[in-house]
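Listed below, chain by chain, are the residues.
Number of protein chains: 2
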Amino acid sequence: MYRDRIRLSSLHSKVMSAADAAGLIQDGMTVGMSGFTRAGEAKAVPHALAERAKQSPLKISLMTGASLGNDLDKQLTEAGVLARRMPFQVDSTLRKAINDGQVMFIDQHLSETVEQLRNQQLKLPDIAVIEAVAITEQGHIVPTTSVGNSASFAIFAKQVIVEINLSHNANLEGLHDIYIPTYRPTRTPIPLVKVDDRIGSTAIPIDPAKIVGIVISDQPDSPSTVLPPDDETQAIADHLIDFFKREVDAGRMTNKLGPLQAGIGSIANAVMCGLIESPFEELTMYSEVLQDSTFDLIDAGKLRFASGSSITLSTRRNADVFGNLERYKDKLVLRPQEISNHPEVVRRLGIIGINTALEFDIYGNVNSTHVCGTKMMNGIGGSGDFARNAHLAVFVTKSIAKGGAISSVVPMVSHVDHTEHDVDILVTEQGLADLRGLAPRERARAIIDNCVHPDYRAALNDYFDRACQRGGHTPHILREALSWHENLEESGRMLAS
Amino acid sequence: MYRDRIRLSSLHSKVMSAADAAGLIQDGMTVGMSGFTRAGEAKAVPHALAERAKQSPLKISLMTGASLGNDLDKQLTEAGVLARRMPFQVDSTLRKAINDGQVMFIDQHLSETVEQLRNQQLKLPDIAVIEAVAITEQGHIVPTTSVGNSASFAIFAKQVIVEINLSHNANLEGLHDIYIPTYRPTRTPIPLVKVDDRIGSTAIPIDPAKIVGIVISDQPDSPSTVLPPDDETQAIADHLIDFFKREVDAGRMTNKLGPLQAGIGSIANAVMCGLIESPFEELTMYSEVLQDSTFDLIDAGKLRFASGSSITLSTRRNADVFGNLERYKDKLVLRPQEISNHPEVVRRLGIIGINTALEFDIYGNVNSTHVCGTKMMNGIGGSGDFARNAHLAVFVTKSIAKGGAISSVVPMVSHVDHTEHDVDILVTEQGLADLRGLAPRERARAIIDNCVHPDYRAALNDYFDRACQRGGHTPHILREALSWHENLEESGRMLAS
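Residue numbers (full-length UniProt numbering), protein chains in the order written: chain A, 1 to 497; chain B, 1 to 497.
In case anyone wonders, no lab produced these hints; they're calculated from the structure. Take these hints with a grain of salt, some might be off.
Just so you know, same-sequence chains aren't split out, so a pair can sit in one copy or run between any two.
Below, a list of computed lysine-lysine pairs in the DSS-like style, where the Cα atoms sit at most 30 Å apart [said to hold, decoys possible]:
id : residue 1 : residue 2
1  : Lys-194   : Lys-59
2  : Lys-158   : Lys-331
3  : Lys-54    : Lys-123
4  : Lys-256   : Lys-158
5  : Lys-158   : Lys-54
6  : Lys-123   : Lys-245
7  : Lys-96    : Lys-256
8  : Lys-210   : Lys-331
9  : Lys-96    : Lys-302
10 : Lys-256   : Lys-123
11 : Lys-245   : Lys-158
Start from the sequences and build out the full structure, keeping to the hints where you can.
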């Protein structure tokens, strides 16, 4: 049944139970696991590890590509397994443990984790656990629905556990492009100059002697939970598409736009869906995660090629896409997240980066991560990799939250993930602010006039006017700058209603 | 006298007075001028422009490489010439006009200005004014002591004024390496893989028909004002050099370290001077500005090669270096700032970036620009280009300022230029905090224990302890987070004495 998936027959003897494989992970180890945006994570071994820890406690430092599915971060947190976790997560149980100071979370630009490993600035993984559709004749690992950091984890780790997941179609093989940068002092340019360039191999090249265990599993990826467009996300999409049209009319972009990157989530997905009805043609994506909208755009004949690091689909789309993969396979590639997000490549290709803000301030600084400056939501993810070097760095959010108790536009953000230098375009359902080439006072005028919910416009104008009277390149009244967040913490509303 | 400097004889007829050349600049124009860290700026034409504006007012948008010398920003500000200014400045008169809201200042990552021009996200210069040592037989422009943004300004502008400055030795020719990236959709990797690679031409290639005026000047660059090391800057240098030794001992770097980048200013200069007595060998620099310490290190046999975008020297060093340039010429190259600071190259080469912080907070966020969150000092400069992609991103500052009235380490920075993601190492005269791989609460512990002045340690520990009791990934007490800055604004001291 699974023997044809392990094509190096000397490895057949390594097949073992998930519990036995989990037993290879010891207290204090640093463990690198596959998984990116809840796609392609190892499933059986971490579950078995959590089960084992209930009986026999242990702590590990866990690094992944990005978020895990199948409640694995929850299970590992509840079993007390996680001492340290990086570089991203989306699990509510883990989030609480992070905010309680029980799990040390290292929130990273997603392109940087393996570069830091390579520079020996993080402890190298003792063991890697990688989900695969197959092991090749050479003993190389063919990933499943994500590449993430799996390749470098497997290369750096002393030992590798492979989870062959039979729920994934074997024809995923060939979709991946595994390229590992050369190292200094002989590092050379990354030879990727077009979104559809293939520059690496289709499997992760490791010495098969490092494979200490192979576990057979059949649990599918978790479906994505992205919400369908609503009136506000549709309005955001409309504003942005109108802006793109104006850019094309002004001769600053062609009708093919630039390679598109869209962060995970409902708003970015709505923007991408909005392109189906747009006049743009032969679009391309150079992104992290390929969501439902990617395939909707391909089906509509709008999207010519999509490069990502993972594929995360809803239940509606999952069977259709993976059941008809041959229809899409020549239009897709999955890369290591170091390459999908690499500053060198992002700047070279001229990417249009569209990411979601938690809040932004009147000068265009963006908070992507911290509620009221303290509580972590998910992590910065790849947004910084793209925003810094993008041709156009776009951030989107609804102008208000919690029924209007919260304004997403504030006098000063309570935490900065992206400084005003890295933010070109801000969009809410109210409108779009084009900040390119503007000084801070001009940015404030554009943001307040275009993006703020009417319920908050007068208060922000009042703050800005009084701050300007006090002077400064970036005028602020420090005693009031964070008062909206203080009010929210204390009364549940940013302003008295 | 100057005719041998204009080697395309058909251009001899273009020689004119500075006043006549300044007359080519019209009200409302966007003007691109040479000049980077007070080196190689056009001198006669901007001075004549300021004089003219006293009689006949006009406003321009002025972009340069970085700061200008010879009080030109002061003269232009006082004459009311500057409507807009980018991407950097260091002049106290201009600074006041920026903070008063009279000049719109666009503070940019220094690698990004010409990329934004290329993307048509900024208005292209109508006219460029470039200081040169010579014009070649082809009509190409040989820059002087800086390259900055001069090449792209001259290429993008419709008209070019060249200032031949006879005070610069003609043997500067050959020092420059002018490489302009290809553009999308056919953009290729920047082919620079070693600090001493030469990838371009020695002059700026433009159509000589664009040269509308040539002005002869002889005013020297302003000398640098860098202060000699004092006890605190020496202590900072010692801490950092001890850290480098530990990195070498741990096998994470060789005895050659990585290519060094040092921001302008006394602290970075002191660190570089400290390397003269260090055990490191065959050092290289890949930096923006080459200061006195670069040449001291070359003379000491410690520095093998230095790549920069400008050379800015003290009076002491200036005649010696430029009078004996042949001694140094094979160890130097000056590049466009786009290339000296390019994210692609910075990450590839594995640079050790050393830049000065105005203040940093207990979580490692750095403010490089804004006093009390509002008043601009100089600008972010190249610090962000280097810190984001450096092998080691180091920020240095003295732990206190104004005789102890100000702590450089605060609960929350009043403005963020570099987020904690981009900050690896913090150093004050008190000690060094190694933040690599640490979560925010761990970063706070390392920073408070190692970097804070004893007079402020108890207060920061108290803040941090009480914030942790409230919880959060990055614990803060919002009502107090900026209170040190509020106190400073109101009483001149961060804490009651």
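A quick look at each hint next to the structure:
no.	hint	result
1	Lys-194 <-> Lys-59	neither (43 Å within a copy, 43 Å between copies)
2	Lys-158 <-> Lys-331	neither (35 Å within a copy, 42 Å between copies)
3	Lys-54 <-> Lys-123	within (26 Å within a copy, 63 Å between copies)
4	Lys-256 <-> Lys-158	between (45 Å within a copy, 29 Å between copies)
5	Lys-158 <-> Lys-54	within (26 Å within a copy, 73 Å between copies)
6	Lys-123 <-> Lys-245	between (48 Å within a copy, 19 Å between copies)
7	Lys-96 <-> Lys-256	neither (43 Å within a copy, 45 Å between copies)
8	Lys-210 <-> Lys-331	neither (33 Å within a copy, 46 Å between copies)
9	Lys-96 <-> Lys-302	neither (41 Å within a copy, 51 Å between copies)
10	Lys-256 <-> Lys-123	between (43 Å within a copy, 23 Å between copies)
11	Lys-245 <-> Lys-158	between (52 Å within a copy, 28 Å between copies)
Of the numbered hints stated above, those contradicted by the structure are hints 1, 2, 7, 8 and 9, listed in ascending order.
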